[in-house]
Structures are given as C-alpha cells and as structure tokens.
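Trainee: Chains as they are written, first to last, in my numbering: chain A, 1204 to 1866; chain B, 728 to 1066; chain C, -2 to 273; chain D, 141 to 463; chain E, 924 to 1071.
Cβ pair distances, simulated, as ranges:
hint: 1; chain 1: A; residue 1: 1817; chain 2: C; residue 2: 155; range: 26 to 34 Å
hint: 2; chain 1: A; residue 1: 1600; chain 2: E; residue 2: 1048; range: 38 to 46 Å
hint: 3; chain 1: B; residue 1: 903; chain 2: C; residue 2: 74; range: 56 to 64 Å
hint: 4; chain 1: C; residue 1: 264; chain 2: D; residue 2: 187; range: 37 to 45 Å
These are computed hints drawn from the structure, not numbers from a lab.
Keep in mind the model is a prediction, meaning the values are calculated, not measured.
Ideal Cβ positions, reconstructed from N, Cα and C, are used throughout, including at glycine.
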Amino acid sequence: MQRIGVFVCHCGTNIAATVDVKAVAEALGHEPGVVVSQDYQYMCSESGQNLVKNAIKEHNLTGVVICSCSPRMHENTFRKAAAAAGLNPYLVEIANIREQCSWIHKDIATATEKAVILGRAAVAKVHLNAPLIAGESPVAKRALVIGGGIAGIQTALDIAEAGFDVDIVEKNPTIGGKMAQIDKTFPTLDCAACILTPKMVEASQNEKIHIHSFSEVTDVKGFVGNFTVTIKKKARFVDETKCTGCGLCTEKCPMKKVPNEFNMGLDNRTAIYIPFAQAVPKVATIDPNYCMMLKNGKCGVCSKVCSVGAIDYKQEDRFIEEKYGAIVVATGFNPIKLDKYDEFAYNQSPDVVTSLELERLMNAAGPNGGTLLRPSDKTHPHKIVFVQCVGSRCDDSKGKPYCSKICCMYTAKHAMLIREKYPDTEVYVFYIDVRTPGKNFDEFYRRAVEQYNVHYIKGMVGKVTPQSNGKLHVQASDLLANEQLHIDADMVVLAAAIEPDKTARPLATMLTTQMDTNDFFTEAHPKLRPVESATAGIFLSGACQGPKDIPETVAQASAAAAKAIGLLCKNSITCNPCVAHSDELMCNGCSSCEKVCPYGAITYIDKEFRMPDRTTKVRRVASVNPAVCQGCGACTVACPSGAMDLNGFSNSQIMAEVDAICK
Amino acid sequence: MLRISIDKIDSLFAAISEKQALYIPADRADGAAEYKKYEAGMKLSEKLNTVRSAKDFFFPQTENLVEFKMEGKKIEVKDIRQESEDFVIFGVRACDARSFTILDKVYLVEPVDSYYKNRRDHGTVVTMACTRPSETCFCQAFGIDPTAPEGDCAVWSDGSYYYFKANTEKGQAFVDSVSSLLEDGDTAELDKTVAKTKEIMGRLPLAKLSTENFGGDKLNEYFNSDKWGELSESCLGCGTCTFVCPTCQCYDIKDFKTSDGIRRFRCWDSCMYSDFTKMAHGNPRLTQLERFRQRFMHKLVYFPANNNGEFGCVGCGRCLSKCPISMNIVKVMKALEVK
Amino acid sequence: MNSNDTLIPYVGVVTDIRIDTPDVKTFRVEAPEGGKVFEHMPGQCAMLSIPGVGEAMFSITSSPTNKEFMEFSIKKCGCLTEWLHAMEVGQMITIRGPYGNAFPVETELKGKDLLFIAGGIGLAPLRSVINYVRDNRANYGDVQIVYGSRSKDDLVDYKEIIDEWMTDEGIEVNLTIDNAQEGWDGHVGFVPNYVKELDPSINKTVLICGPPIMIKFTLAGLKELGFKETQVYTTMELRMKCGVGKCGRCNIGNKYVCKDGPVFRFDQLDELPDEY
Amino acid sequence: MQETMINRAKQLLADGTVTRVIGWKRGEFAYDITPAVFESAEELESDFVFDDFTSANVSKYLVKESAKEGKVLVFLKPCDTYSLNQLTKEHRVNRDNIYVIGIPGGPKLDIEKIKAKGISGILSVRNEDYTLKIETIYGEETMPFSEAILDKCASCKSKKHVTYDELIGEDGDVLDSNRFDMVEKLENMTAQERYDFWREQLSKCIRCNACRNVCPACTCEKCVFDNPNSGVENKAASDSFEENMFHIIRAFHVAGRCTDCGECSRVCPQNIPLHLLNRKFIKDINELYGAYQAGEDTTSKAPLTNYTFDDCEASIVHERGVE
Amino acid sequence: MQVNENKEFEPLIVAFCCNWCSYAGADLSGTNRLNYPTNVKIIRVPCSCRVNPMFILRAFQRGADGVILCGCHPGDCHYTSGNYFTRRRMTLLFSMLDFLGIERDRTRVEWVSAAEGAKFAATMNEFTEAVKKLGPNRRLEDLRCRKQ
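With these hints in hand, go ahead and build the complete structure from the sequences.
Mentor: Dropping the structure here:
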C-alpha cells in the first residue's frame, strides 16, 4: 500500500490568490494512498522543505506530490529534499499549479478544480513511480582526436595541457591539414605556416600527445567514457621509429613524376616523399601506386641510400586498439570537385584554378617559389577574374545549398595580395553578396576595394571560354550597372564551395552520431550545445560541423577540448536514470527501436532463455545502454510489443495520468 | 398440425414482436446471416445457419457481473443484475438447440449461474427443421435429428407452410400466443420434405462420422495419443473455433475501472489462448499442443465423462468453415480414433 | 433478482496481518459486522479479490473450529498478492466461497493416525486440518507433522508450531530446513529425504502439500516405505476464475480442481492425465 | 504443378538439403486446406496439395520452424515472399535456415464466395476453362472462376518473388493493382458515412484474434492486447470503443511493416474488410513519404523509423479529402 | 467536467507537452499571465516522440473531447530527431482516425517553442473553441467511462 504525501504550496499569493489551496489539500487527501495532505506558504523555502522531510520520516512516505510551480523550477529542490529525508528522489512528482493553473486562470472555483485534477494526476503517477538509482560508469582518461588539422591540433593541445593523454589520428602522412597549404591568413595577413608549424611541433613534442599519422579509425565500440576504437596504421613502408626525415631518399628516388597533392597537383613529387618541409611527423612515406620496387620489385634505391635502414618494403597495415573516454571529431573539409562546372572551363584550361590552388601558386614553398605565374605558360598574369560562390548557395543538385562562409574573405585576401605584389595586375571579383561579419573583416574587405582598387562587381560569370591566344574570355553580367561584361582574363580563380571530408559519413555511422543532409555533423543543440554531438562523449571541432574560418575553428576546437576535459576529469559518469529499458521476455529483437534511437544506445544480444518447459531458446533481444540513452522515449513507441518502456515516464504512469485527468 | 402459409410469416413475426423481443436470422450486407432483432420488413434468412451461434442469447460475449465502489479502505458491492425481459429466438437449428442442453449442463447445475438462468428462463427457443444440410454438417454423429429439432417449439417448412409443434410448456404458451394466426392442416407435403431431407442426410460426406469410439472411458488413451503434435502444428492459437462454437462456454472474469468504480464483467475466453491457464508462477499448458488437445479432449472425452456420455459438440460445422487453417473437430476425430 | 450468485462476492475486513516469513503474510479476515464471512471445511478455498487489481483462489488456513475469523497465509508472487502484502489493517477485500472439496476429516480420516508433510507455503492448507484435528483430538489417532522450508525464516507459522503444536500431547513435529544456518540446531535436509529417515509407520494416512517437485519425490519415498497411493492425499492449485467448475480452465482431465478438488487422493490423480 | 513441387521436395529431402517441408495439406473437402510440415516423401505423396484453394500464406510458420534444427523447405507464392522478407528484416526468422522455392501465385479461390451464391453441399470444385464446375449433394452447379476469386488476389500487387532460392515456373512482375480503390472510395465519403461504415463493420468483430494470429507481421513474443501491464489488454470488446481501439492499434503496429498479404481479411470469420485499414496506412505512406513496399527488400528504412526534414505536418489530415 | 443544464458544453482537453519546448512554452504563458481555458490539462512527457497512439486513444476512451500534442519545432528537438518521428506517427494516426470517421478537429499536433508562451495560449484557446464546436466526443468514447 502506497503512503503518499501531498504538499500544496501557496507560493505567497501567486498560487493562493487564485487557487483555494486548502481545498486542494483537502480534496487530494481523499485520493487513494494519500496519508498526509498539507498546504504551506512557501514549500520551496527551508522550512517548507523541512515540512516535506519531516512528513516523509513521520509518515514513512513512499511517494511525494508537490503542488507548486513548474517542475522545471523546483523539481530538483524537492528531489534533493526527499533524498535528504531518505526517500528516493524519483518518488517525487510535481503538479504544476502555478504556471499552468493559478497564473493563467482567474476564476477561483474553476482554477481550484483544475488544480485538484492536476494534483490527482500527479498522485496517480507517483503511485507507479519506481525508485530509480542513477548508474555510474567509469571514464577512460584518454581522448581521441580524429583529424590532425588546426582543429584537431588545437583540441589535442588543450586536452594535453589539462594533463590527459590524447591521440590524434590523421589520415595523411602529416598533420597540419588545410591550414598548412594556405599562404597567408585574413584579416591580418600573417603567414599561415609561421603560426601553424610551431603548433604542429608543439603537438609532436608534447608527451601527452600521440600522433597516429597515415592512420584511420576503422571501428568504434562502446559509449561515453568507455569507447574502444580500432585504428588502422596504414603501411608507409618506412619505419617511423627509425626515419630521421633527412630527405636523402626523396632526393634519390628515381620516380619523380608523381602529382604532388600538397601543391594541389600543380607540380610533382617523388614516389617516396615527405609532404612538405615542416611535416609532422617528419617521416618519409612510400606511395605504393608509384614506387617501382613495390610495383614490380625493381629499384630499391631508397633502401640503399637510407643510412638508418628505415625502409621496409614488406610493411603491412597495422591495427591498434585503444580505450578512450572522449572522442573529438575534427575531420575538416575539402573544396568540392568542379567537374560539373563546365561553364567555368576548369577542366579545359590550367589557368582556371581554385582558390586553394591559387594559395599554392602564391606560396613561397609552392610550385613557383612564390611568384604568381600562369600554370599554362608560366607567364605573369595581368588580368585575373575571381568568381565567388562556385557551388555555394546553390539550389540545384550541382552544388551545395549553404554558404561556404570563408570564400568572401579569402578572395579579398587574394585580391589584395595580388594587387600589392603586382600592382599592374587588374583584379575583378564577381560576387552575389560580400559577407564580412567578423572582427576586422569588413575593414579588410573595404581596404581591398578602396585602397587596392580591386574591381568588385555584383554579378555572376556566365561563361569562361579559353581562347587560342591563351586568354580566357569571361562573359559576365554586372547586376548593378545592368550590363553584360566581356573580359579577356589571364587567369580565373574559382571560390569553390567547401564540403565535409568524405571520410566523415562512414565515421558518423561508426560513432552513431548524426549528420545533416550535407554530411556536416549535427551538434546536440544548435544554440546551446554547439560543440557536442547528440551522442554523449563525442564532440565536434572545426569545419566538420559546418563551414568556418581559422579563428572560429580554433575557438571551437578549444571549446570541444574544454568539454572533453570536463568529461575526462570525472572518474565516473552519473547516468540519467530516466532511461529506456527493454523487457527481454517481450522483446522481439525486430530492430525498430534501434532505428529511431538518435544516440545508438540500443544494441542487440542473442540471449538464451529458459523456457517454462525447461528447454532453452536463443533469442535476439534489445539491450539499452543506460550510459548512452538520454531518455527521449522514441523507442517506446516504435516497439510494437511494448517491451520498451521509459523509466520515470512509463506507459503505465502516463496512462494513469490520463485516467486521472479524464476521471 | 398447426401451420401458417409462408407468405404470412411477416404477420406472425409482427404479432410475436408486439409482445416480446423477437430475434430471427437475417442476412447482412456481406451475405452472411446473423440473429437480428425483428423489425417490420425484415426477411428470414435462407442460409443454413448464422455465423455466430445462438449461444449469445444466453451466454453473451461480455456480461457485467457486479460493481464495486471503492473509497479509502472501504469496498461496497453493488448487485447490478436485472430481471431479463421475455424474448423469442426464432429459427434456431437443431444443432444450436442441442447446444443449449449442453450449456445447461454447465450453467444450470449447482451452483446455478443466475446470469445464464435469468436469460434462459425468459427466452423461448423456436427451432427450425433443416431441409438443405451442408457438407460441413455432422449433427447426426451426436444423435441430433435436424428434421426434428428440440427447443421449446419446433417449426418445419415444406416450402409452402411453416408447421408448429410445441415441445415444452413455454413452447405451448408461445404457440397459444399466436394460435389465432395458425390454422390446422395436413402434413403430407411436409412428410415428403422430411423424408427427402433424411435421404440427403444419409448422403452427406460426413454421414458416416461416428462418436462410437469416443467418450469418457478412453481418457488417457486419447490424451497420450501421438497425433496431437501433427494436428496442432499449424494451429494459430486464435479463438475463432471457440467463439463460433455453440457449446464452448469458457469465460474469463475481468475488472474495468469506470468513471466511478470498478465493474467486474465476464467475457468469452478460449482454451486455445496462450494465457488461458497462465498463473503468477507458471502455466500448466505451455504449448499450443496442450491447449489444442484441451479443447478437443474437453468436447470428446471430458464432457461425456462428466455428463453420461453426452458430447460437447453438436456437429453444426461452424468451425469447419471458419477455422483460418481448416483444422477442426472432424479432422481430429478421424486422426485420433482408435477402435 | 433475489437469488444469490456465487460470482457476487462478500466484503471482508482484514483485521490482523501477521508477517510469517519474508514473503508470506497471514491475513485475518472477518465480516464487516464481525464474525466469519462463511463457514468452511479444512482444505477448502476462497476467492479473494481487490477489485481492479485481481482475484485469486487461496486456501483457507484457519480451522473451521475457529468461530471468529478466517485466516489466509499468502505468499507474494504476483500482482494481486503484492497488493495484499501492501495492505494495512482495516482494508476491505472481497471474498467468495467456500470452494472445492475438503480433506475427508469427518469420514476417511476419522480415527486414523495422520502424517502431515508440508513444504514452504504448502503448510497453509494443512494448517487448517492440523488445527481441526487438534480441536477434535479424540476423533483421530497419532499425529505426526513433517515440515520443511528453505531456511528457518521461511517456516510459516513458526510461533504457532513451537508454542502450540509442539507442546500438544500426541503430536510429533519434525522440522527441517534445506541448508544449515546459524541459530538452527534442528534437522537439515530436504523433506523427501527427511521423511525417509523418519521412517513413519505405514498405517498412517498421509496429507501432503508443497512444491510439485517435493510432492513428487516424497511420494516416491513413501511408496518405497510401503505406503499405498490410496493412503496419500494432496491439494492442488491451478489458475481459477469462477471457482465453481464453469469457466473451464482449472481442469486436469475431466476433473475441475476448483470443484472436484483441490483435495485429491493419489490414486484418483493417477487416473487423470499427466497434465500437472 | 503439384507433381513438380512434390518431386522437387522429395529430391531436396532425399539429398539432405532440407529436413522438413512447409506446404499445404489436403482436407476433408475440396477446399479445407491446412498448412502443414511434411517430413517424409510418403507424407508428401499422400497429403501435399497445391491447387486453387492453397491460399494460406505459410511464411509466418517460419518464425517457429526456422528456429529449429535443420533447414526447412518452404513453398512461397509471390505475395508470401514479401512477408518472408519483412520477417527476415526484423530478425524474426533465420533466413539461412530456410530454402525458398518460389511458386506461381494466384488467383486463388474463396469458398465463401462460392457458398454466398447459395451453393451448398459442395463435394468437389473443378476449374474448367475458368468456369467452376461444382459438384454438390444437390447436383452440379457452375459459376465463373472470376467471381470466386479471393479478395486479396483480385487486387494482387505483385507476381514477382522478392526472395527465393529457386523458382518453379516463371517469375512475374510487380503489378499496377487497383488495391487502393476501396480506400479511396471511403476517403471520398463524408466523415459520418465513414463512421457508419466502420461501425457496421467493426461491430461484427468477435475478437477471435484470427486476424492478428494469422498476420505475418504480428509475431510479437507477447501482444500488447494479451499483456495485463500494457494498459490496453482486452479479451473481448465490452464497448464499441474497444472494437475501434483493437483495430486501430493492430493496424498501427503493422503500419509500414504490413506487406498487404491480405490474410487478415481472408481469415476473418465475420468478413470484416480489415485489409482496408492496413491499406489506408500504406496509401498514406506512399502519398506522404514516397512509395514504399514493405517486404520488397530486407534493408531499406521503414517509413515509421525514418523521417525527412520536410515531411508534411499532421495538419495535412485537415487539408485532404472530404470533411 | 461537469455539464450543467444551463451551461454550455465544456470540453476536456488533454495536452501532451514535451519537457523541453512546449512544457516550457506553457510555463511561459503562465509567467506572462496569458489566459487559456481551464479545460486544458497538460501531461508532461520528455519528448513528443514519447506519446504513444495508445495514450491518445486512452484519453478519448476515458472522456477527453480533444487531444493536442505539442513538441519542439522540427529541427529544435532536444533529442535532435524525436519530433520528426512524432510528426510521421501522428500524421498517420490522425489520418486513420479520420478514416474511421472520427472528427478531425479533435486531434492536433502543434510545435511550440519555449519562447512561444503567446502561441501556446493562443493555440489552446483556439483548439478548445474548435473542440467546443464539435460537442462531446461520442464516436470514440467508452460508454462505461461516461460521467453520470
């Protein structure tokens, strides 16, 4: 038999002015199981709480109903009070008779009647409340950062700084990411390498940071605080521990015609290579697609010249398994492929380049040693046309619906740099809008226009046609002047949209995190939890969550690190006890629940059941991980057999409320 | 014999329904027949039988038993029984008429079921002799003569007239109440019809079905038969056979929370259901085999064991035509029979 | 309608609740106006119910010789029993009965030496007979009681056994528990083995009740000792709804436990199909 | 066809590929066919039948049979293969333990339709050139084959087997059926007319659970209607509300999972057109969320465990059809 | 709800509100003292996707005249995707109820954010009026639960 206490709060006159609280207490006193029903001026006050605590002890209560303000206000207060009096905090229910009754109704009679009904529903519910105990699960004191660009590096540095071990998994031979390829950064125009490479070195030297370059995540199991991740260390045919990065092998390698991806294929590298001078780790890697030794066993030059014997043609992919408490995703972005944009002649003329290619062309470590030359004939360009929003803000299937955010600024930067270095070069920028929200951004853009006389033209380029004289005929419209323009340019630079890295989607599946339709990772809440994924213990850093520039990326990286550190600091995680649970005897193992779970909290196990006739039967049944489940209840409705139920909001509890209200 | 011309049957129905509720088998939109409360213009169905049996009149699918008012620790019991009104069921076939005798043996033995008795006392059963039996009929196996049905009053048709004969006092009262509409007439045509029906009965595919080897004396033999597994393997465990059966009388008792109390009601239950015998700590009939066996053992062995050899089946053939997987008592009898 | 119907229950008031074991409580039930709700014979049962919660059959634990009240010893094992266990004194319940047959205390058992064998909650129906016999001591011969349970704490009615039964002349009480425990200096072991050890004289009539597995092995043991099935009575329990052999679910073969039972002699059970 | 099937089954039994065969067993009359498990060549020879009345969808038996030891052979009509796929998708059967032989589909006959013509005492039914010759105790009757077709076959959606290990006969195509005609007709009625229609139909329900128990999508370990703790348990409708509720929930629980095999309506002893409820859901899903056929494959996401950002709002119900 | 002879019909409205948006929205309409009828009784659920069709039928069975389900706006679900499932489930359920001839205006789904106190109150006013116009629920009621 339940022994329920009901406590009706006056909230000064907030409730008492419109609801006859004494009548409510009196009426609820007659409800089944109610053994004490009292009213009080301020139930949330110290003395009000004591009233509740004393009643719990005195009447040996099995449930408490507080008729007061919204549970969003004081549910925790009363739960704590109950716990202090030795009652399980989840045996407390709140009837909201302030926000949802006294404050919205004027007539005392009907408001009182409604308050009684709300109280009755809470009593009916509390009859079925089960004492819940929040579970705990331990936290592995190690973080994984997936992606070694500036986002990943910053996150790793911050986490390491806090004293936790952190692993970076980078799919390329070196960390550094896109920022390493960039020449200068806006709006300060400092050299990207100058600010990035020290951080790369710092990361490599920090003993808490372990860099797995040329590696990929192949499997993720577990849940918050307790992930088990399999990392594939791809064979680079060079023993990382021995290679000193002296570079002799790269000099001697006879295979020199390999497109250099670091320079966007604008020049070549050797089959054994170090992507760039400041690579971290500075270790050579053999490209098996080009290495003649690996392809047909004839060469072996690098092996011969290597003084430390680091070359190992027989190296194979290695898999390592590690436990992590937190995972930060920092998989970054790529410019989209421009195959579908024939109108810009990207595939027809080498002088039509993307902005990232332009970065390399202008970079001192780039193919031309920093001198801007046309890729086709290595001549100095006199007229350059920039085309904005190539593939961004597109409604059609060719491009992306979103704004890539960084293009306006880097184009202003490019235009300005060109105009400064080559004042004889005319620069045209065709734009739809120029977006410059950011500290010193608009000033920067205005400088490009006003000080550097970059021709900003609102309008779209219709067609780029390579001509026999080597010029590129640019046909465009000037929307403000409402006229057609024809420009014979030497170079055309396309601000290609950026998109998430292709590795992100399979990774999201492994992590059971959500992605939007553009394959950007979805944050747990767009406003309030921007660096967490909906899956507990998985955080988002950088452009994998959406387009962003370097300062934003670094800010988010540090924020993600802070969240991860917050998690790693704990020895164990207290789980929300209001989670789903499956009645194995009723579960069909049909997988409906799993499909609607946004957290990947549901797995299936083959469980052996002892049948009543003493035989055994193995059945697939759902099992909810309480550390991962957030208690939304989507699974409870997806489950046709009703095996899935939710603690704190069970089917029977909600139906009891319905019954009580409709009585 | 008292009779009425077939084309005057409406006036007879009108006369009966003036005094008490009259139920007759009538065709529904989907072609099947069911008992309906007579209203002017309603036609007597020509179908051999109704989908639902006539047991509904005395043992309805759900029936309120008692109500409780609960307040605090107090319980008040409210007897909600009410005296039934008089009613007539017209056109009950011989098989269904016999089913009442079988139900009586359950519900009218001590302690008498007052709910059943109440309806039984107030209902007059007017039966109708069969003229066009179907291939699914096997009432003969249980000693039922469809040309001479039981019931309070029996009715025959020869195609032109309905003939009436009271079997009980209640039946006589019924005949008396409508005697002004009846005339005396000879039965020569009727005798021919009956003879023809009897001849057809002999030619029915199940005419040879015999109950000779069933009954209470072979209890363990049949219970332990190795045929049950095969017979029950495709049984869906639904309640169709039970619910269309005129003699199945098992029920469940349940409580329902109404707006102001608890209403206890009973409803039909089926021994084919997996939770029929389920208790808090186990279930003695775990598999469909055991539940399937129970239903047929009950009809063919247990019931006769307790009721002087009377079987718990009347051969109406409803389960033969309605079982979703066409498993039925005839197949069971044929498979099981040991001579 | 004036006639009573057995499906319409009486109201009873719980006037006392005794905690017997961690999962067994004994409830005293009286009519609201005092006295017993109805008379019964030892071994008979009653349907108890909390409307809206459930209704179930329980054997009446008290002896008919008790004229003031009825008692029910109930083990917590389901929705209704959980509710009953949570009750407080003064709570009303509904009750109907008595149902079923009884131990033949006035016929076959009269003048006989009796051996009661019970396991766990199985003592409940036998307690009615034992106290009936004690109150009509002259009508019966020697009485021997063998009662076993999982542990000392699980022995139902321990106080009554110690204070009353054990002190009675001509009653031999043999207690046993499954596993040794502190504070227990009595016999340790399972009931079937204990019965064999005790080697009771074979002219006794046996009344046995307990878990099916215990009954099975004890019966086998008794047969070994030379007892015949016609000497052994037991009482059974199946799902029941009506209590009067009409709802159709508690049958074993053609016998309804609620009407033809719950007391059966083993030779009668032998004729029935092996469905229990 | 029947001979070919028996022979192939015997071969597969003999070479040990399978240990049991699920098919249909002949009954007392021409039409009362029972799904059965055959374990020997002899049983197949004497009892196996495949004819115009073998309409039962035997795929649900695989839940039980595929869990047993040894591979089971099953003969599936095109419509039945959808059910099997759906069961496979929901992990209710062990597909590896099943050997599927696809066999041609209907149209199958509905004995109720023959009887509804007033034909009784049926001794045999022969199909001669799409005219049924029905021998009865009262003499021979004839009726067109087309008038005795089962409702579920009359609106057949597919002659294509979506899963099989081998085929006997040719595979067919997905058909452009008229299966939503009746649903549409109801949609175009007024709410009052629809209410009256369904009241008349659902009030016939005797809650025998045949529709549920035959349904290959209803394989729950314990149905909510049998579970005292579910809050909706009920055994017999005590009120028209419970008649409605049972059928709404039953249809809702199979929404997006129902393959439209039509068994529910076929087995209903009261001829309630239950498939219309399922088809209403199927039609809505097709119209609102894109064409979806449950059982077509074993991988695609079911409509109710899926969503898109721009799904219609529930208020669309207010905007469609007749008030 | 008492139906007085002289009083107009007062419908009983059950509102299921998700904890994060709509329940907070309802609180906000309280904080802003925005009136809506006492007919509306709110049941708090963690997410609109917790609402089982059985709950809605249950409410009608027990005497509700209208049932409204409120959740976060699509895209704002605290659990990221719950309300998308709700939207599909309820669309289908309401369509089925409509198919059975149950009045469409007795059921509704409305997205109300935590900031939309005014919308919450307006919605409840509007919905109550709409249900009031329909009169008592007769097509989906259980006579055993009808108030005497």
